[in-house]
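Chains as they are written, first to last, in our numbering: chain A, 6 to 333; chain B, 6 to 333.
Derived by calculation from the structure, the hints in this document are not laboratory data. No residue lacks a Cβ here, since even glycine has one placed at the ideal position from N, Cα and C. Hints may contain errors.
Said to hold, decoys possible - Simulated restraints, written as ranges between beta carbons of each label pair: (1) K202/A <-> I234/B: 47 to 55 Å; (2) A97/B <-> M312/A: 34 to 42 Å; (3) K202/A <-> N109/B: 45 to 53 Å.
As the list claims (entries may be wrong) - Derived pair list, reagent style BS3-like, types lysine-lysine, alpha-carbon separation capped at 25 Å: (4) K48/B <-> K47/A; (5) K66/B <-> K63/A; (6) K63/B <-> K143/A.
2 protein chains.
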Amino acid sequence: MVTIKDIAQEAGVSTMMVSRVINKRYNQVSAENIERIEKIIKKYNYIPNSAAQSLSSKTSKIIAIFIQGDANSLEHPYNAVMLGYLIQNIQARGYDTMVHFISNYSDVCNKLQSWKASGAVFFGMFEKDFLQFQTNEKIPFVFTDCYSSSIPIANIGIDNYKGGSLAAQHLLDYGHDNFAIVGEYFNESLLNQQRLKGFCDTLSKAGINIEQNHIINFDSSTATKLIEIQQAHLAVFAFSDILSLKVIKQLNEHGYRVPDDFSIIGFDDLFICHLTSPELTTVSQNLSKKAEAAVDLLFQYLNYPDMPLQNIVLDVELVSRDTVKNLL
Amino acid sequence: MVTIKDIAQEAGVSTMMVSRVINKRYNQVSAENIERIEKIIKKYNYIPNSAAQSLSSKTSKIIAIFIQGDANSLEHPYNAVMLGYLIQNIQARGYDTMVHFISNYSDVCNKLQSWKASGAVFFGMFEKDFLQFQTNEKIPFVFTDCYSSSIPIANIGIDNYKGGSLAAQHLLDYGHDNFAIVGEYFNESLLNQQRLKGFCDTLSKAGINIEQNHIINFDSSTATKLIEIQQAHLAVFAFSDILSLKVIKQLNEHGYRVPDDFSIIGFDDLFICHLTSPELTTVSQNLSKKAEAAVDLLFQYLNYPDMPLQNIVLDVELVSRDTVKNLL
DNA sequence: CTGAAAGCGCTTACAG
DNA sequence: CTGAAAGCGCTTACAG
Numbered sequence: 006m007v008t009i010k011d012i013a014q015e016a017g018v019s020t021m022m023v024s025r026v027i028n029k030r031y032n033q034v035s036a037e038n039i040e041r042i043e044k045i046i047k048k049y050n051y052i053p054n055s056a057a058q059s060l061s062s063k064t065s066k067i068i069a070i071f072i073q074g075d076a077n078s079l080e081h082p083y084n085a086v087m088l089g090y091l092i093q094n095i096q097a098r099g100y101d102t103m104v105h106f107i108s109n110y111s112d113v114c115n116k117l118q119s120w121k122a123s124g125a126v127f128f129g130m131f132e133k134d135f136l137q138f139q140t141n142e143k144i145p146f147v148f149t150d151c152y153s154s155s156i157p158i159a160n161i162g163i164d165n166y167k168g169g170s171l172a173a174q175h176l177l178d179y180g181h182d183n184f185a186i187v188g189e190y191f192n193e194s195l196l197n198q199q200r201l202k203g204f205c206d207t208l209s210k211a212g213i214n215i216e217q218n219h220i221i222n223f224d225s226s227t228a229t230k231l232i233e234i235q236q237a238h239l240a241v242f243a244f245s246d247i248l249s250l251k252v253i254k255q256l257n258e259h260g261y262r263v264p265d266d267f268s269i270i271g272f273d274d275l276f277i278c279h280l281t282s283p284e285l286t287t288v289s290q291n292l293s294k295k296a297e298a299a300v301d302l303l304f305q306y307l308n309y310p311d312m313p314l315q316n317i318v319l320d321v322e323l324v325s326r327d328t329v330k331n332l333l
Numbered sequence: 006m007v008t009i010k011d012i013a014q015e016a017g018v019s020t021m022m023v024s025r026v027i028n029k030r031y032n033q034v035s036a037e038n039i040e041r042i043e044k045i046i047k048k049y050n051y052i053p054n055s056a057a058q059s060l061s062s063k064t065s066k067i068i069a070i071f072i073q074g075d076a077n078s079l080e081h082p083y084n085a086v087m088l089g090y091l092i093q094n095i096q097a098r099g100y101d102t103m104v105h106f107i108s109n110y111s112d113v114c115n116k117l118q119s120w121k122a123s124g125a126v127f128f129g130m131f132e133k134d135f136l137q138f139q140t141n142e143k144i145p146f147v148f149t150d151c152y153s154s155s156i157p158i159a160n161i162g163i164d165n166y167k168g169g170s171l172a173a174q175h176l177l178d179y180g181h182d183n184f185a186i187v188g189e190y191f192n193e194s195l196l197n198q199q200r201l202k203g204f205c206d207t208l209s210k211a212g213i214n215i216e217q218n219h220i221i222n223f224d225s226s227t228a229t230k231l232i233e234i235q236q237a238h239l240a241v242f243a244f245s246d247i248l249s250l251k252v253i254k255q256l257n258e259h260g261y262r263v264p265d266d267f268s269i270i271g272f273d274d275l276f277i278c279h280l281t282s283p284e285l286t287t288v289s290q291n292l293s294k295k296a297e298a299a300v301d302l303l304f305q306y307l308n309y310p311d312m313p314l315q316n317i318v319l320d321v322e323l324v325s326r327d328t329v330k331n332l333l
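With these hints in hand, go ahead and build the complete structure from the sequences.
Printed below as a string of structure tokens:
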């Protein structure tokens, strides 16, 4: 295994010179030496030992990604796609990515400490305890979709209120006046509350109020409930695309059709929704941009540790496809 | 930051004793010392520096996962789920996972060398060049779904021939006598050829031969082709679940219904297929087991480097759901 | 069962 | 622009 010492020897310089070239501190090395050293590096296909670099510099070019839960998390396309884009963006910056599933606080600290990671990205649901990291560790953290009111954190999120509002407006535009909402974890998630509020506020402005029993926590009897409250054509706002598919499936099993009997509008705009027929009308968020923004923000903290914590809110847009019936 | 030296000092022993305890070489330490040292480790919540460990031991508890392609690879649920299970199994063994998207040979060598990874898992499509690793590097490698005839590699695959055969038999059992096959990359992938052969051989035994124009390379005109060759009810064997969904969608757009007008049978049995209606009949492979087998095999090579290269073939089974019409 | 010595391959901090 | 010295935090290999 060729080391910095071998390169230095062959170049007739000190190891420090080689180190400077490796780290692209070109202003500290003569042009002549840069060229000579790089040539030898290439000749031997020399790869620096990351562990040695880490040990002496007390940091490493590793970004840790923490996913709440276990492997099943990646069955949800949202998480899988998000993970993919995060890794890609991290890789594009010359850093390596470690991925960990976690279930508790100490797991995170261990992984971060032992590898001296440069930074971390969190995604999935995190309880308040998790958010405290920010204070206990000095390495930069970025959360995604963590909408916490109490604790200031660096976060990349989307405009959930607007998403709910766009969904409502679209349905109103298509002449709907009979609504239901299907979600999960209403109480535990600020995200859902924002979508709900955006939806209800917009309907409210049009003089429509949603009754409490039209707000449904998804389970196996959701279709039954929807059918019960269906006086006329009912428009359902589901809080994710996957949830939309599940609802459509349940309705189909009861012999009802979308969009003929029920309209439905989802949230996320996952690739998978293009494979269904009818194609899902949905509130679209751009995961590619979201991941990029998360990594951008992380590297800003990496370069400027004293930068104040930011909560970045990305835009959403409505994508009209085939699951909302035009009643006009 | 507390180090092995601090622990040793407080325990009144050498750093070697602490190192032995950390590495669980308990037979080299007195019971008394084990207890004392472990208590102090816990007290300070001491976490070993992985870089230091790696530098002196010339290895690290890192497994690298290489995915051919870029972030888009994870849009395919198969890849995403597989990745999740792999990470989970690696983590369960106390190792950390680095994930890399790769497009060429040298990327792999760099990553493996610089971190002194203990082993690597490959998934996605790999050309012959990639398979050569096995000889150029001494760290253990496991491929998944790499069906190479020429070069011996360690691989976890499934019984694709049987999968094709099961699909054919199921359709025969349901009274079908009119068949088509939809796949991708027929020529580049031994996997597809095995599925094709299993399917055709089984039909052949029943006295049925598939005409060449019934073997279709998927594109946007696939439904048109299927409709053209549909004399009676046509049974389509698609080489993946995702492909099945795409075919169903195309057929729906032409006004045809599954399973009324066409029957379809997929391959993989992804979670996502339970969300569609009708639910997909498919050849099921167990990704959880596949990932576990891959990690098991990798660790066997890690522990017994001289073990001969194995090609493990996992079983598949047919899962009958709602996309195949019973013609009897 | 125990420990002193040397070294892994780099970077930091300093001096010139 | 250049380099000698020291050290990062562990483990290996050896001796007892």
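Quick rundown of the hints versus the structure:
Hint check: K202/A to I234/B, Cβ distance near 53 Å, so the stated range 47 to 55 Å holds. For A97/B paired with M312/A, a C-beta distance near 37 Å keeps the hint of 34 to 42 Å intact. Range check, K202/A to N109/B: about 49 Å between beta-carbon atoms, so the 45 to 53 Å window is met. At roughly 48 Å between alpha-carbon atoms, K48/B and K47/A are farther apart than 25 Å, so this suggested pair is violated.
Taking the CA atoms of K66/B and K63/A, the gap is near 19 Å; set against the 25 Å cutoff, the hint holds. Proximity of K63/B to K143/A is assessed by CA-CA distance (about 29 Å); at most 25 Å being required, the pair is judged violated.
Checked against the numbered hints above, the structure violates hints 4 and 6; every other hint is satisfied.
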